[in-house]
Amino acid sequence: MLWLSCPNCGSRPIEEFGFGGELPTVPDRITDPKERDIDYVWMFDNLEGISIERWFHQAGCRRWHTVERNTITDSVEP
Amino acid sequence: MNEFVETLLEMKWHEPKSSYDVVIIGGGGHGLATAYYLATQHGITNVAVIEANYIGSGNSGRNTTIIRANYGIPESVRFYQHSLELYAGLEDETGCWIMHATKGLLWIAHTETGMRAERARAIINTACGAETHAVGPQEIKQICPQIDLTGNGRYPVLGASYHVGAATARHDRVVWAYAQGAMQRGVTVLQHTKVTGLIRDGERVVGVETDRGPISAGIVMSSVGGNVTKIAAHADVRLPVRTHALQAFVTNAYAPGFSGIISDSELSCYVSQTPRGQMLIGAEFEPQPSYSMQSTFNSLASCAKKITNCLPFLRDLRVLRQWTGICDVSADFSPIMGFTGVDGFVISTGWGTWGFKGIPAGGEQMAQLIATGKTPDLIAPFALDRFARDHAMADLGSAGTR
Numbered sequence: 001m002l003w004l005s006c007p008n009c010g011s012r013p014i015e016e017f018g019f020g021g022e023l024p025t026v027p028d029r030i031t032d033p034k035e036r037d038i039d040y041v042w043m044f045d046n047l048e049g050i051s052i053e054r055w056f057h058q059a060g061c062r063r064w065h066t067v068e069r070n071t072i073t074d075s076v077e078p
Numbered sequence: 001m002n003e004f005v006e007t008l009l010e011m012k013w014h015e016p017k018s019s020y021d022v023v024i025i026g027g028g029g030h031g032l033a034t035a036y037y038l039a040t041q042h043g044i045t046n047v048a049v050i051e052a053n054y055i056g057s058g059n060s061g062r063n064t065t066i067i068r069a070n071y072g073i074p075e076s077v078r079f080y081q082h083s084l085e086l087y088a089g090l091e092d093e094t095g096c097w098i099m100h101a102t103k104g105l106l107w108i109a110h111t112e113t114g115m116r117a118e119r120a121r122a123i124i125n126t127a128c129g130a131e132t133h134a135v136g137p138q139e140i141k142q143i144c145p146q147i148d149l150t151g152n153g154r155y156p157v158l159g160a161s162y163h164v165g166a167a168t169a170r171h172d173r174v175v176w177a178y179a180q181g182a183m184q185r186g187v188t189v190l191q192h193t194k195v196t197g198l199i200r201d202g203e204r205v206v207g208v209e210t211d212r213g214p215i216s217a218g219i220v221m222s223s224v225g226g227n228v229t230k231i232a233a234h235a236d237v238r239l240p241v242r243t244h245a246l247q248a249f250v251t252n253a254y255a256p257g258f259s260g261i262i263s264d265s266e267l268s269c270y271v272s273q274t275p276r277g278q279m280l281i282g283a284e285f286e287p288q289p290s291y292s293m294q295s296t297f298n299s300l301a302s303c304a305k306k307i308t309n310c311l312p313f314l315r316d317l318r319v320l321r322q323w324t325g326i327c328d329v330s331a332d333f334s335p336i337m338g339f340t341g342v343d344g345f346v347i348s349t350g351w352g353t354w355g356f357k358g359i360p361a362g363g364e365q366m367a368q369l370i371a372t373g374k375t376p377d378l379i380a381p382f383a384l385d386r387f388a389r390d391h392a393m394a395d396l397g398s399a400g401t402r
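One line per chain: the protein sequences are A and B, in this order. Following the working numbering, the numbering of the first sequence begins with 1 at its first residue and continues without gaps. Following the working numbering, the numbering of the second sequence begins with 1 at its first residue and continues without gaps.
The reader is advised that the hints may include incorrect statements.
For the chain A half of the interface with chain B, some residues (derived, Cβ under 7 Å), not all of them [unchecked claim]: (1) N8; (2) S11; (3) D37; (4) W42; (5) F44; (6) N46; (7) E48; (8) I50; (9) I52; (10) D74.
It is worth saying that the hints were derived from the structure and are not from the lab. Where a beta carbon is used, it is the ideal one built from N, C-alpha and C, also for glycine.
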């Protein structure tokens with residue numbers, strides 16, 4: 001079972017959290033402002049490795065926080 | 001590797017050439033079907049399909065083999081209904097026994113809101129050519145006598161939509177049928193060959209780098225599953241795709257005769273019986289993106305708990321195998337097919353957890369797109385540029401059950 005560390009509640013099972021998506025990034029090579037907006041809204045980095053994500057502790061403190069998660073092992077380094 | 005299937009088929013494997021008219025990355029159902037239809041319908045046989053592992057080793061060999069067309073938006077219903085019809089004729093066309101069986105699918109609802117969704121589904125499906133009826137509890141009991149209409153006292157069954165044409169087929173046989181058909185007509189299938197990059201000439205994609213050397217191509221198609229983002233990144237194509245893990249499991253054999261496919265959109269799980277008699281059960285993909293193919297006890301336990309509410313006989317069965325696939329789930333839960341905006345590079349992705357049922361139509365339409373250079377009408381709504389045009393094809397309700 002994957003456990004996430006909540007800054008307010010400590011280590012809690014992942015079922016208590018809602019996934020809010022990775023922090024959106026737009027590649028520098030996209031320069032057109034409209035293209036950048038489309039990329040920001042729709043496109044995902046879908047990283048294989050460490051991904052920086054937002055998680056919402058919906059069954060706990062009900063606060064958003066940022067987590068670094070390894071998407072290859074689906075685990076969070078302590 | 002499924003030796004059982006492999007020994008049934010005689011195939012001539014080739015060494016890679018340095019150049020092909022069409023190179024298809026990904027030897028799953030969609031890649032091989034595209035090669036098959038390029039060869040049979042368009043006479044294009046100078047084609048290579050490149051697979052990193054063995055063919056059908058990805059999601060084509062891991063899905064729950066359900067073929068259905070009861071989607072929520074007209075464009076999807078038409079596309080999947082066409083696919084369902086192609087599946088029905090696939091054994092005659094390829095001469096391979098894919099164990100196709102039309103079973104009918106019950107999509108059951110436990111709330112008035114759920115029933116409203118199922119009635120709407122029945123209407124839109126029927127209007128677009130996929131026969132679906134709204135049915136009540138008594139008809140459900142007739143179709144599936146094993147069901148507990150009280151839902152263990154917690155999830156009473158109020159009704160369902162019954163999709164008459166839904167079917168199952170043996171998934172690796174589908175892959176091998178297309179591979180055999182394509183290879184008999186001169187298509188090269190390269191197994192255990194990894195694509196490490198795309199060769200560019202300016203903006204244009206003109207070939208692929210592999211661990212067995214570069215291969216140049218007139219056009220490159222990606223039909224890669226979970227790892228598609230990395231392949232597209234070689235062409236600087238950004239995708240609205242996240243990779244999620246999906247798990248499924250089978251039980252030991254139950255008396256044959258569990259005729260239908262039972263789906264539950266509110267509990268997000270589904271069950272069918274394989275030709276061997278095993279009960280095949282699956283659920284939602286994991287909420288967080290992941291490349292891990294590790295199966296989890298949590299997923300098994302939650303899915304088993306949900307499905308036994310409505311089908312109590314499953315409690316007496318034992319779990320034989322559990323497995324995981326990594327799926328390319330698109331932002332709007334519809335597939336992405338067609339041109340990418342980069343010359344020489346087309347894509348078939350976003351198949352998420354609904355790709356198996358789309359194999360024949362997806363392959364046929366992509367073959368037509370490659371052969372003619374024009375997007376066929378049937379898949380025009382599924383182009384990658386729909387996101388930029390603000391024409392996303394949101395169909396989350398239909399993705400809940402595969």
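Going through the hints against the structure:
1. N8: 20 Å, violated
2. S11: Violated. Min distance 16 Å.
3. D37: 10 Å, violated
4. W42: 4 Å, holds
5. F44: Holds. Min distance 5 Å.
6. N46: It holds, given that the least Cβ distance between N46 (chain A) and chain B is near 4 Å, below 7 Å.
7. E48: Since the shortest Cβ distance to chain B is 5 Å, the answer is holds.
8. I50: Constraint on I50 (chain A) not satisfied, violated at 12 Å.
9. I52: Since the shortest Cβ distance to chain B is 12 Å, the answer is violated.
10. D74: Holds, about 4 Å.
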